[in-house]
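J.: Please put together the full structure from these sequences, using the hints given.
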Amino acid sequence: MLTINVGVLLAVIVLLRLRRRTEARSRNDEKLTVIIVLALGIVIAPTPLGQGIGDFLDQPASGVTNSSR
413 MLTINVGVLL AVIVLLRLRR RTEARSRNDE KLTVIIVLAL GIVIAPTPLG QGIGDFLDQP
473 ASGVTNSSR
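Note that my numbering has the sequence shown beginning at 413, numbered continuously upward.
No lab work stands behind these hints, which were simulated from the structure alone. Yeah, the Cβ is synthetic: ideal placement off N, Cα and C, and Gly gets one too. Among the hints, a few may not be true.
As the list claims (entries may be wrong) - Quick list of the computed label-pair ranges, beta carbon to beta carbon:
| no. | residue 1 | residue 2 | range |
| --- | --- | --- | --- |
| 1 | T477 | A436 | 34 to 42 Å |
| 2 | L469 | L430 | 30 to 38 Å |
| 3 | T459 | R431 | 22 to 30 Å |
| 4 | K443 | V420 | 20 to 28 Å |
T.: In structure tokens, the structure reads:
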């Protein structure tokens, strides 16, 4: 039985869509890409990978905030 991870599938779709030339995209095409990327973010966020990325990005942000005080 073949199982497909939704996060991996969305990541592949995003990569394929972003490889296209910018001039060839319509406004609706760009909106669809944004929706797919947001869906990917929602799928990744509750996973351990998403938590790790969030922690990694939180460290520089908190460092900048603390240095400005």
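J.: Of the hints stated earlier, which fail here?
T.: Hint 2 alone not satisfied by this model.
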